[in-house]
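Asker: Top to bottom, those sequences are chains X and U. Anchor point for the first sequence: position 234 equals 234 in our numbering, and the numbering is continuous, going up by one each time. Anchor point for the second sequence: position 156 equals 156 in our numbering, and the numbering is continuous, going up by one each time.
I should point out that these hints are in silico values taken from the structure, not numbers from a laboratory. There's no promise every hint is true.
Claimed, not checked - Below 30 Å or equal to it, Euclidean Cα-Cα: the simulated DSSO-like pairs (lysine-lysine) are:
hint: 1; chain 1: X; residue 1: Lys318; chain 2: X; residue 2: Lys356
hint: 2; chain 1: U; residue 1: Lys258; chain 2: U; residue 2: Lys24
hint: 3; chain 1: U; residue 1: Lys543; chain 2: U; residue 2: Lys356
hint: 4; chain 1: X; residue 1: Lys207; chain 2: U; residue 2: Lys243
hint: 5; chain 1: U; residue 1: Lys356; chain 2: X; residue 2: Lys638
hint: 6; chain 1: X; residue 1: Lys92; chain 2: X; residue 2: Lys53
hint: 7; chain 1: U; residue 1: Lys344; chain 2: U; residue 2: Lys243
hint: 8; chain 1: X; residue 1: Lys243; chain 2: U; residue 2: Lys175
hint: 9; chain 1: U; residue 1: Lys536; chain 2: X; residue 2: Lys658
hint: 10; chain 1: X; residue 1: Lys207; chain 2: U; residue 2: Lys543
hint: 11; chain 1: U; residue 1: Lys563; chain 2: U; residue 2: Lys658
hint: 12; chain 1: U; residue 1: Lys356; chain 2: X; residue 2: Lys658
hint: 13; chain 1: X; residue 1: Lys548; chain 2: U; residue 2: Lys600
hint: 14; chain 1: U; residue 1: Lys548; chain 2: X; residue 2: Lys600
hint: 15; chain 1: X; residue 1: Lys92; chain 2: U; residue 2: Lys629
hint: 16; chain 1: X; residue 1: Lys243; chain 2: X; residue 2: Lys54
hint: 17; chain 1: U; residue 1: Lys207; chain 2: X; residue 2: Lys175
Stated by the list, open to error - Here are the in silico distance ranges between beta carbons for each label pair:
hint: 18; chain 1: U; residue 1: Asn277; chain 2: X; residue 2: Ala230; range: 43 to 49 Å
hint: 19; chain 1: X; residue 1: Gly336; chain 2: U; residue 2: Glu267; range: 45 to 51 Å
hint: 20; chain 1: U; residue 1: Gly400; chain 2: X; residue 2: Ala282; range: 42 to 48 Å
hint: 21; chain 1: U; residue 1: Pro602; chain 2: X; residue 2: Asp335; range: 47 to 53 Å
Predicted, not measured: the structure shown is a model, and the values here were computed from it. A virtual CB, placed ideally from N, CA and C, is assigned to each residue, including glycine.
Each chain is listed here by its residues.
Number of protein chains: 2
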Amino acid sequence: MISRETHDRMANAIRFLSMDAVEKANSGHPGLPMGAADVATVLFSRYLRFDPKKPNWPNRDRFILSAGHGSMLLYSLLYLTGYEDMTIEEIKNFRQLGAKTAGHPEFGHAAGIETTTGPLGQGIANSVGFAIAERKLNAEFGPEFIDHHTYVLVGDGCLMEGVSQEAIALAGHLKLNKLIVFWDNNNITIDGAVSLSDSTDQIARFKSVHWNTIEIDGHDPEQIAQAIEAAHASDRPTFIAAKTTIGFGAPNKAGTHKVHGSPLGAEEIAATRKALNWESPAFEIPDDVLSAWRQSGARSVELRETWEKGLEQTDAGKKSEFLRRFAGDLPKGLDGAIADYKKKLAETKPSPATRKASEDALEVINGIVVETLGGSADLTPSNNTKTSQMVSISPTDFSGRYMHYGIREHGMAAAMNGIALHGGLIPYSGGFLIFSDYCRPSIRLAALMGIRVIHVLTHDSIGLGEDGPTHQPVEQVAALRAIPNLLVFRPADATETAECWQLALHNQHRPSALALTRQNLMAVRTEYVEENLCGKGAYELVKADDAKVSIFASGSEIEIAVKAAEALSAKGVAARVVSVPCFELFEEQSDEYRADVIGKAPVKIAVEAAVRQGWDHLIGSDGVFVGMKSFGASGPYKDLYKHFGITVEAVVEAAEAKLA
Amino acid sequence: MISRETHDRMANAIRFLSMDAVEKANSGHPGLPMGAADVATVLFSRYLRFDPKKPNWPNRDRFILSAGHGSMLLYSLLYLTGYEDMTIEEIKNFRQLGAKTAGHPEFGHAAGIETTTGPLGQGIANSVGFAIAERKLNAEFGPEFIDHHTYVLVGDGCLMEGVSQEAIALAGHLKLNKLIVFWDNNNITIDGAVSLSDSTDQIARFKSVHWNTIEIDGHDPEQIAQAIEAAHASDRPTFIAAKTTIGFGAPNKAGTHKVHGSPLGAEEIAATRKALNWESPAFEIPDDVLSAWRQSGARSVELRETWEKGLEQTDAGKKSEFLRRFAGDLPKGLDGAIADYKKKLAETKPSPATRKASEDALEVINGIVVETLGGSADLTPSNNTKTSQMVSISPTDFSGRYMHYGIREHGMAAAMNGIALHGGLIPYSGGFLIFSDYCRPSIRLAALMGIRVIHVLTHDSIGLGEDGPTHQPVEQVAALRAIPNLLVFRPADATETAECWQLALHNQHRPSALALTRQNLMAVRTEYVEENLCGKGAYELVKADDAKVSIFASGSEIEIAVKAAEALSAKGVAARVVSVPCFELFEEQSDEYRADVIGKAPVKIAVEAAVRQGWDHLIGSDGVFVGMKSFGASGPYKDLYKHFGITVEAVVEAAEAKLA
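This is chain X alone, in the form it adopts within the complex:
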């Protein structure tokens, strides 16, 4: 039992580490760590099951600091509880280049940072993914292997962002009762009082999506403890509204927006030391306090050891499968099965839409890669994401492998990040490419974190036809290609689609987006090739000796490129075609390979039913681009291709004009 006095001193340790680190950096957010220190202290010292010496223990409780600007709260906790890589030197280097203690918590920088947060609302939406993964793996491997809580700390900003509504509605619907959210209810935002812009009754809001709700004084350890215990007993996710004072302890600035995002200043820090009766100098934690914290960090060692023994004693197959899944290794049979499937495609030469080709590839993949967790933002019949193996997950049954995410692209993508981060599963989504705009912040974070989430994005151009410009991606492929560390695939036929899926799965440390068509496409890869040609990003699809024209294209426009090359060749103009399914992988090839693929033809033409941006890197600013210069239009897709001049004839004419 931790006495009130000990509790207070432990919480104050967080407060002083935070305010001193922000002061030293002359940058950062002291208000939240000071205000939420009591909640965090009770959670970490009495409830959270974790072992700083084994930070990746799969069955640990997860703690997500959704209000990522309060990063010093998390760094303080990691240091105090004894994570080895979070030294006091790191705390002193807060917000300096190269430090683990970045301005916002960055996944991968230090153990114990479960996800990258800062863009508001992302953490709470990630946490729904963590909680889904927990329930799913609990159903699959049994509670002896996976059975843990996911705790989240959110601020007003997280709750105002729309993504939070998508997340909590889904969590409430799925009755994710191992999910516990603390709201640091301090009434302050950057502009001033919350009442400037919001008057939401958050308790009523969470009740409306079927959460268990509790209101407490966020500075009363016993109320905090009772709330956590009540949450543990609930059959629904729990929202704990903890009334706090931002910058708690700072005698002149607490409770105002002045403590939110600026150093307190030497004078106020001195006054806080006096007010909280804290005599240690900056970055020094009194022995009794550090010792109490380290004991808190050691609380779960026995539990963790018992869990490990359980894993040792289970049957070898289940154990190795569990370990494989958490290591993120793919099953051995995958590559052979894809090779067989490619052979079949070379024989049958089907011409489906690539969204259908994706379904066919997934039918092979999902039969082998049992850790895929599919889903769609309410476009299942359009995205073709639900293969025969995919049984829907429901609030009462998590044994399935398919998520009906609802019309919630952003919540879906953020939840997928949480699912991937939890470990043991590979999430893939379904959505329209146009709506990648709705979930772009989460796709970006997946790229920043380097995690394997796979987005199936169908209806990838004006080729979707009648739905018109609101639904026709024109700039989305370019905008996704602009995101560092994201693989953007736009396959041209069933074979390329299978290859792109294989690449997406093999890239454990980056996310992938597959842009797929609504309309049928002819088979262009008609011979079996063992090598994954898409793996080089771009390759010569149609060769020509002494080519005068090189035509570069992706996806649905490969068909146009191939026919244009044929037409040019028939006219005596040697033309070659380069398929470019993935810009990013092509960039990674050797200079020699790149130069070879780009070739020396005097005329370079790129064809893509999208904006030019990005293609100049291949064709040069003097190359010809056949594509979109504006938004699309509503009409049958063949009419649109003609209207916007993306045709075989246009390519041939452009080539001839350039050669003339």
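Model the placement of chain U on the given structure of chain X, informed by the hints.
Answerer: For chain U alone, kept in the frame of chain X given last:
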């Protein structure tokens, strides 16, 4: 008084026009128009104040079809009530290229389409902007000029999208009691029953953000009428949950997801004709029904005429101001004031951050352009968007000109679209550039619609420093440049910032985004030039005879470019600098001007603290790019510029290496 029988026949006219048009197009969504026909009939035949002969009457009620896939509901209403450009031929051409009847309602295609909808959640969020504009102009010009309702029809999709939460929380907070939302509560989404993915108690949800809520049978005209009247009497926005049957009237498919997004088929249409006792062939409306509808369309003629008389009789100054504001013309004094301001800058040569320069320019602008409505997504002190003229709007006082949008970037951008579409106001926002990702779908729609909304996007690169990669835009400028019809400005100093603001204001038919720095920048435009040089998109800032090196840059990197050119010149290498504040405007210049600005120097270098994508169009694929190749990092910004190699030295070295 419209009898029940007449009502039913009027509603059925919508149903048959919709199902027949979808059938003919072999594409579209009949389910919603059939289900919501009763609600729409009561609204349009008894309450909505509008005049199809004067569709732009500023004081008309607005009707927003947020569930834009049900476009045939709106097109049917426009045809039936007598909008002249919505002919039966247009209805027959539904979803064909060139028709006004696009797959989703497109603003500008036909009168009566108040906003472009389709991407779910946008319409309801636009409507909050319409309702804000109404209250604001009501406070400014008086209820005799502006005093109208905004009605919205939403589906489950709109309500699941996170942006809807941002919108309704803001509307509830502001007590926008002229806003009335009908929920077409049909329990069906594309994947199947809503219960697959959602169990939100929508009534409780809207109550939690302080809306008036009403539940009705959406097929009972009297319940619908009573709900509307209750809404009119409310001091808060009203949410009317109307229980409907999707595809109402189709005997075999109603109430299922089969009627959502596919033609009913000839057989089911015939069965529906029988079930609803409708004998007219496709696209023929019985005379009695058309006559009743046309009478509904003529209901408000007298009101509109009285309003016009009122405007005629008011004092000339107020009248001309009102007309100017709704025409979207700028006040005459603006350009002179900006010229004076530029002269002052040329004298004083200040070196503020461009976010501060933007505030200074806005101080001039807001003093003259009284129709600006500023705001920020809770980053007012960081975005510098609140000038001395800006008084905050509050739930009880709309006389101010500044919106505290809360931490709701998406809701803000969507509301701004509604404010601009309403007319009479020019909305500008404040946000971090990184969070343009959060509101990208709304920025895109502004570009598609061609409306004047202006986004102030500060903290525009690694130059923001310690907040780190989650907050450092790397790909956002490129991603925004990819959006057609959006002007993306990245000014280099206070003078360029003023010029970019001037351009944003003068571009009445496209939105603008201003990327602005957190860090101070030196003045580079030190001489007064009358011409708005930024208006050409790019211009020669530093000239050099027989230049061997051309350095292209934007914003904060202009300083680096200028110093690198000086260093090169000192070494005997003639180097020139081109400032590129706006790619889009540069693209619009003559070939001659473009060639002249790009120049003939053998070495071309671009410098921007962002990804390369887009710059190849200026420097070619063999040009040198000094910028970002990855996400950023947390640290003081000067350290980051060095770490990522975006320095004067790097530019000089690159030039020398290329020349060697």
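Asker: Against each hint, give a clear statement of whether it holds in the structure.
Answerer: Verification of the supplied hints:
For the suggested pair X:Lys318 and X:Lys356, the alpha carbons sit about 34 Å apart, so the restraint of at most 30 Å is broken. For the proposed pair U:Lys258 and U:Lys24, the alpha carbon gap of about 17 Å is at most 30 Å, so the pair holds. Between U:Lys543 and U:Lys356, the direct Cα distance comes to roughly 28 Å. Compliance with the 30 Å bound is thereby established for this hinted pair. With a C-alpha separation of about 22 Å, the suggested pair X:Lys207 and U:Lys243 falls inside the 30 Å cut-off, and the hint holds.
Between U:Lys356 and X:Lys638, the direct Cα distance comes to roughly 50 Å. Violation of the 30 Å bound is thereby established for this hinted pair. Distance check on the hinted pair: X:Lys92 and X:Lys53 sit about 22 Å apart at the alpha-carbon level, within 30 Å; holds. Under the criterion of a C-alpha separation no larger than 30 Å, the hint pairing U:Lys344 with U:Lys243 is inconsistent with the structure, at around 63 Å. Distance restraint check for X:Lys243 and U:Lys175: the Cα-Cα separation of roughly 26 Å lies within the 30 Å cut-off, and the hinted pair is therefore satisfied.
Among the hinted pairs, U:Lys536 with X:Lys658 is consistent with the structure: their alpha-carbon atoms are about 28 Å apart, no more than 30 Å. The hinted pair formed by X:Lys207 and U:Lys543 fails the criterion: a straight-line CA distance of about 66 Å is larger than 30 Å. Distance restraint check for U:Lys563 and U:Lys658: the Cα-Cα separation of roughly 18 Å lies within the 30 Å cut-off, and the hinted pair is therefore satisfied. Restraint check for U:Lys356 and X:Lys658: the C-alpha separation of about 48 Å exceeds 30 Å, so the hint is violated.
For the hint linking X:Lys548 to U:Lys600, the alpha-carbon distance of about 26 Å falls within 30 Å, and the restraint holds. Our distance criterion of 30 Å between C-alpha atoms is met by U:Lys548 and X:Lys600, whose separation comes to about 26 Å. Proximity of X:Lys92 to U:Lys629 is assessed by CA-CA distance (about 29 Å); at most 30 Å being required, the pair is judged to hold. Using a Cα cut-off of 30 Å, the hinted pair X:Lys243 and X:Lys54 is violated, with the two alpha carbons roughly 33 Å apart.
For the suggested pair U:Lys207 and X:Lys175, the alpha carbons sit about 22 Å apart, so the restraint of at most 30 Å is met. Range check, U:Asn277 to X:Ala230: Cβ separation about 58 Å, and the 43 to 49 Å hint is violated. In this structure the supplied range 45 to 51 Å holds for X:Gly336 paired with U:Glu267, their Cβ-Cβ distance being about 48 Å. In this structure the hint that U:Gly400 and X:Ala282 lie 42 to 48 Å apart at CB holds, the actual value being about 44 Å.
In this structure, U:Pro602 and X:Asp335 meet the distance hint of 47 to 53 Å, their C-beta atoms being roughly 48 Å apart.
Comparing the model with each numbered hint stated earlier shows that hints 1, 5, 7, 10, 12, 16, 18 do not hold.
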